[in-house]
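Engineer: Residues 1 to 365, numbered by my numbering, are exactly what the sequence shown covers, in order.
Think of the hints as simulated: they come from the structure by calculation, not from any bench.
Treat the numbers as computed from the prediction; the structure is a model and nothing was measured.
It is possible that some hints are incorrect.
[What the hints assert, rightly or not] Below are the BS3-like pairs computed for lysine-lysine, each with C-alpha atoms no more than 25 Å apart in a straight line:
1. LYS19 to LYS288
2. LYS19 to LYS224
3. LYS284 to LYS222
4. LYS19 to LYS9
5. LYS359 to LYS224
6. LYS359 to LYS42
7. LYS8 to LYS359
8. LYS359 to LYS284
9. LYS129 to LYS106
10. LYS284 to LYS240
11. LYS74 to LYS159
12. LYS42 to LYS106
[Stated by the list, open to error] Label pairs and their calculated CB-CB ranges:
13. ASP205 to ILE107: 38 to 44 Å
14. TYR157 to ILE204: 33 to 39 Å
15. GLU221 to HIS84: 53 to 59 Å
16. GLY120 to ILE50: 21 to 27 Å
17. MET1 to VAL38: 25 to 31 Å
18. THR154 to LEU304: 47 to 53 Å
19. PRO23 to GLU110: 29 to 35 Å
20. PRO23 to ARG309: 32 to 38 Å
All C-beta atoms, glycine included, are put in the ideal place defined by N, C-alpha and C.
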Amino acid sequence: MFGFRLIKKDTSTAARTGKIITPHGEVDTPAFIPVGTVGMVKTLTPEELIDLGAEIILGNTYHLYLRPGIDVIKGLGGLHSFIHWERPILTDSGGFQIYSLSSLRKITEEGVSFRSHLDGLGHFLTPEKAIEIQETLGSDIAMILDECTPYPSTYEYAKESMELTTKWALRCKRVKKREDMALFGIVQGGMHPDLRKESAQRLIDIGFDGYAIGGLSVGEEKDKMSEVTGATAPLLPEGKPHYLMGVGTPEDILNAISMGIDIFDCVMPTRNARNGTLFTRTGKLIIKNAQYKMDENPIENDCLCYTCRNFSRAYLRHLFMTEGLLALRLNTIHNLYFYLNLMREARKAIEEGRFQGFKRGFLAL
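Start from the sequences and build out the full structure, keeping to the hints where you can.
Structural biologist: Structure below.
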């Protein structure tokens, strides 16, 4: 069964540590979730993810529904068995992907009509269908179907979008059957604090196992994202997990942790790795730059990831410039280690009552 235990609260911020309990294991929070959209975290094996410290990964309803198809995954024992991952899986409902296909979809109160980005065939996704798919996948944590409010939007549109998400949330809650699968509500409302407050309260009234803040990191300014997160996070029930969807940079994550957020996901570490951009404590390192041609140093001197323990910047640059597939793997190993290790350090700092200093020190580098 699903559960959440709050362990330690920071004294000077809203940061906290906790533990999420699922049928496939526990997740220490604050936690970063590597994105495995179509049933894989690109370039890495499940064993490598475990070695990096990943306790949970994310799969996507929209993409898995289109291929290989729910019947295939069901026939092969569910998503955990299909992808050889025995730890928890959180599945996004597909709302964000449908949002990104604005030219291929039509939203009504009943659901979303959309055309596949793969072959152009038409599909219809309802809140009920989104839950059915996630239950069939075997998700440990499922998300309601929501409309990700675009940015910028008028107040009127943001309110209508929030109303629709709330109606869909109730429908999702009513049709959920699996008691061992958690269901999270998603707070919407655009950049408007009053709509966010209304959305949060109505979702709390419905009652969910956790609460997510959606509709951010969609093109708004950083200070606006921080403002909305800071206004919304305190509205969420203390005894439930708080999830900030699709965020983000290490700086964004640390700031959100200080506001009481527990869970994060983002394609940034893996996508940047495949583009040759590596994360370090002093900023991003672009490995293709000529200055690294003869550089014998690792990406980061004190990093304990497999890549930094064994390979130089010069070699990594050579791999990337020659389009070697090993470059993508080694870069991804480093970036995910960086993110997951940041979460480990943040948890330790909270437990030791020094998170504010830890955050300030990191951001000052």
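Engineer: Name the hints, by number, that the structure is in violation of.
Structural biologist: The structure conflicts with hints 1, 2, 6, 10, 11, 12, 13, 14, 15, 16, although it agrees with all the remaining ones.
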